[in-house]
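Once you've looked at the hints, dock chain D against the given chain L.
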Amino acid sequence: MQRTAVLFAALAALALSLPATAQKAVTLNVVTAGDQNMVDYLKDYLGPMFEKEHPGVTVKAVGTGPGDAGSQKIYEKLEAEKANPAWDIDVAVIHQKAAGEMVGKGLLARYSAEIPTGKLVTSEAAKNALGSDVGGYVMPMFNSQTAIAYNTAMVSDPPATYDALEKWVRVNPKKFGYNGIKGGMSGVSFVVGWIYAHSPDTDRLIKGPYDPDTKKSWDPILAELAAFNKNVVLTPGNAGTLDMLNRGEIAMGPVWVDMFYTWQSDGKIPPGVKLKLIGPGMPGQPMYYVVPAKAANAKVAEDFIALATSPKVQADGIVKRFNWYPGIDTAAVKPQLDEASWSKLFVDVTPEDLATKGKPFPIASYFNDILETYERKVQ
Amino acid sequence: MGILLLVAPALAMVLALFVYPLAMSLVSAFTTKDGAPSLDNFAKAFELYGNDIVFTLVIVSVSTALTGLFAAAIGGYLILGAHPTAVAILRSLYRWPLFIPFIVAAQCMRTFLAKNGLMNNTLATLGLVNVGSLSGLLDWRGIIVTFVWKETPFVALLVSGAMASLDRATIEAAANLGAGGLRILTEIILPQIAGLMVVGLTLAFVTMLSVLSVPIMISGGSPTMITVDMAFRVNSYGDYGVANALAFVSYVMAGLAAWIYLRRNVADGSGL
Chain L
66 MQRTAVLFAA
76 LAALALSLPA
86 TAQKAVTLNV
96 VTAGDQNMVD
106 YLKDYLGPMF
116 EKEHPGVTVK
126 AVGTGPGDAG
136 SQKIYEKLEA
146 EKANPAWDID
156 VAVIHQKAAG
166 EMVGKGLLAR
176 YSAEIPTGKL
186 VTSEAAKNAL
196 GSDVGGYVMP
206 MFNSQTAIAY
216 NTAMVSDPPA
226 TYDALEKWVR
236 VNPKKFGYNG
246 IKGGMSGVSF
256 VVGWIYAHSP
266 DTDRLIKGPY
276 DPDTKKSWDP
286 ILAELAAFNK
296 NVVLTPGNAG
306 TLDMLNRGEI
316 AMGPVWVDMF
326 YTWQSDGKIP
336 PGVKLKLIGP
346 GMPGQPMYYV
356 VPAKAANAKV
366 AEDFIALATS
376 PKVQADGIVK
386 RFNWYPGIDT
396 AAVKPQLDEA
406 SWSKLFVDVT
416 PEDLATKGKP
426 FPIASYFNDI
436 LETYERKVQ
Chain D
13 MGILLLVAPA
23 LAMVLALFVY
33 PLAMSLVSAF
43 TTKDGAPSLD
53 NFAKAFELYG
63 NDIVFTLVIV
73 SVSTALTGLF
83 AAAIGGYLIL
93 GAHPTAVAIL
103 RSLYRWPLFI
113 PFIVAAQCMR
123 TFLAKNGLMN
133 NTLATLGLVN
143 VGSLSGLLDW
153 RGIIVTFVWK
163 ETPFVALLVS
173 GAMASLDRAT
183 IEAAANLGAG
193 GLRILTEIIL
203 PQIAGLMVVG
213 LTLAFVTMLS
223 VLSVPIMISG
233 GSPTMITVDM
243 AFRVNSYGDY
253 GVANALAFVS
263 YVMAGLAAWI
273 YLRRNVADGS
283 GL
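Chains as they are written, first to last, in our numbering: chain L, 66 to 444; chain D, 13 to 284.
None of these hints come from the bench; they were simulated from the model. Wrong hints could be hidden among the right ones.
Derived CB-CB ranges, DEER-like [unchecked claim]:
| no. | chain 1 | residue 1 | chain 2 | residue 2 | range |
| --- | --- | --- | --- | --- | --- |
| 1 | L | 274 | D | 267 | 42 to 48 angstroms |
| 2 | D | 102 | L | 228 | 56 to 62 angstroms |
| 3 | L | 228 | D | 113 | 40 to 46 angstroms |
| 4 | D | 21 | L | 274 | 52 to 58 angstroms |
| 5 | L | 276 | D | 24 | 49 to 55 angstroms |
| 6 | D | 130 | L | 109 | 29 to 35 angstroms |
| 7 | D | 267 | L | 417 | 55 to 61 angstroms |
| 8 | L | 150 | D | 267 | 40 to 46 angstroms |
| 9 | L | 275 | D | 130 | 46 to 52 angstroms |
Covered stretches of chain L, as calculated for chain D (at least 3 residues, CB under 8 angstroms) [stated by the list, open to error]:
| no. | stretch |
| --- | --- |
| 10 | 132-146 |
| 11 | 235-247 |
| 12 | 303-309 |
| 13 | 312-323 |
| 14 | 434-443 |
The model shown is predicted, which means the values in this text are computed figures rather than measured ones. The beta-carbon is built from N, C-alpha and C at its ideal position, and this holds for glycine as well.
So that you can see chain L by itself, here it is in the shape it has in the complex:
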């Protein structure tokens, strides 16, 4: 009799304790656009660190693919489940174009003022995404920049501007390569830089207001680009440009700075290949941490982003491990880093270069106009 009572008591205790643990266990769904390195960063670095500080939380990282296409998928998923009471994405990492659209559609939560690292964000990109006001809805994960990579064995004195590059390509046909506009953002960035270099009013493209007639003035500019293209190699994708640099098939090409340094440290790019940010400037972009408006675990999501944007993680994770530029104020990150890691990121592209030649992408309407005019006039 007594034995049965003990057994029952044990069973009851077990039954009571089960729902308690089930409630405590939280799965935080982090969905990221971007290349595989984004998923690796969340899965191997940030996720385990957060799980250690928050027992009972499991971080599940999922990638949706590179470029705006990846962000578009996140946008479409949230849009599709809009009517549901709770959404199954807790933290999303997205590009600028999608961020502007998602804020406009009311899909994102306004959270950055509520987390301690919110005040460390000073960049213009945290307020303005391709012309949309995103202030408060986003925390930049990092800033990335495009630049021209060149092989010092083949080019001793690299061109410093778009004009000089145009001349160089005429003298050295088929030694410059980029990936057009359909194979990834480094090519898109090169084309946008071309428009910036030749257009009389770059500021308006970046800040607006939008005028649908502006694109008519690009016809001669893009005719020059079409002529330029005759002497260049069109590479298959961001990785295609790096591959061709690696195999010595081209001497120069536009690349993402972070991807370039990562490939170089993996030994996939020879040490003799260097970077130059050419004038008047080339675009770069941040990626944003956002919390969907009806995220099931919004509070935990905010804690996760607070950790991700803390100076320590920005120094160790973003700068040191992945060669990105920090998303929060660099002044807050620098004290966390040793001199070598800091200077490695700023050897080829100096902070002054970044300040003067690192441009944002144009506002969304001009951006689409540039791509479509390129399709019409250059291809």
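Frame of chain L; chain D shown alone:
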């Protein structure tokens, strides 16, 4: 009633996963963003991607023709080959690409066909060519090479099976009368298996028409295949209208192939 219940699950699958999306795609192709019926999407599709449509048709047609050629050659050698070891080696090797996905094939070809890639470097090491004078094949040629490499085993598998089941008496009679291998293949064997060849090539044509990974990974230049343009319309502009108009063009191409396929099946009375 009972019959209806039996087909209901299959029918529901077809309706939900094929008919409904197809209808949505057509609606989106023939309407503006506000839902008004219009042909604007097609006007834009032909204005911007007219070249790409022609390019797609040419690339896929050429690849299909080459696939047919190689499949016939492989099938023919398996039947007529005089050297048993060579036949055995070919038989065990030719099917391998069947099991490799398009995206993996494309990734391999990226390093194989590049200017300083494996193929050119091998030729250069053998002293056959000078790499400096070569160009890479990472353009329309690379797409064709990859397609043919990937689709030939599939068609060859179908065709060689049919060849093996032919009455050997006709082949031996031709050989006795002095016909060479090539003549037996083209005048005796191929006419007898032509129906199956058409079916195999039709399926290969439709498959190649739908591949996105190969053109996007192999060729950065333009013109390119319309699958790339469709992806670009959606990813860069969120523009499903023009993407669906291009999709409609590809339905028409696939529909033509399907028409040939069905006509062949009716003529044969075969179920393949």
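Evaluated hints:
1. L:274 <-> D:267: 42 to 48 angstroms: holds (46 angstroms)
2. D:102 <-> L:228: 56 to 62 angstroms: holds (57 angstroms)
3. L:228 <-> D:113: 40 to 46 angstroms: holds (45 angstroms)
4. D:21 <-> L:274: 52 to 58 angstroms: holds (56 angstroms)
5. L:276 <-> D:24: 49 to 55 angstroms: Cβ of residue 276 (chain L) to Cβ of residue 24 (chain D): about 51 angstroms, so the range 49 to 55 angstroms holds.
6. D:130 <-> L:109: 29 to 35 angstroms: Between residue 130 (chain D) and residue 109 (chain L), where Cβ atoms are some 31 angstroms apart, the hint holds.
7. D:267 <-> L:417: 55 to 61 angstroms: Taking Cβ atoms as reference, residue 267 (chain D) and residue 417 (chain L) lie about 59 angstroms apart, which means the hint holds.
8. L:150 <-> D:267: 40 to 46 angstroms: Holds - the Cβ-Cβ distance for residue 150 (chain L) and residue 267 (chain D), about 43 angstroms, lies within 40 to 46 angstroms.
9. L:275 <-> D:130: 46 to 52 angstroms: holds (49 angstroms)
10. 132-146: With 4 residues closer than 8 angstroms to chain D, the stretch 132-146 of chain L meets the three-residue bar; holds.
11. 235-247: Contact hint for the stretch 235-247 of chain L vs chain D: holds, 4 residues under 8 angstroms.
12. 303-309: holds (count 3)
13. 312-323: Holds, because 3 residues of the stretch 312-323 of chain L bring their Cβ atoms closer than 8 angstroms to Cβ atoms of chain D.
14. 434-443: holds (count 4)
Checked against the numbered hints given earlier, this structure breaks none of them.
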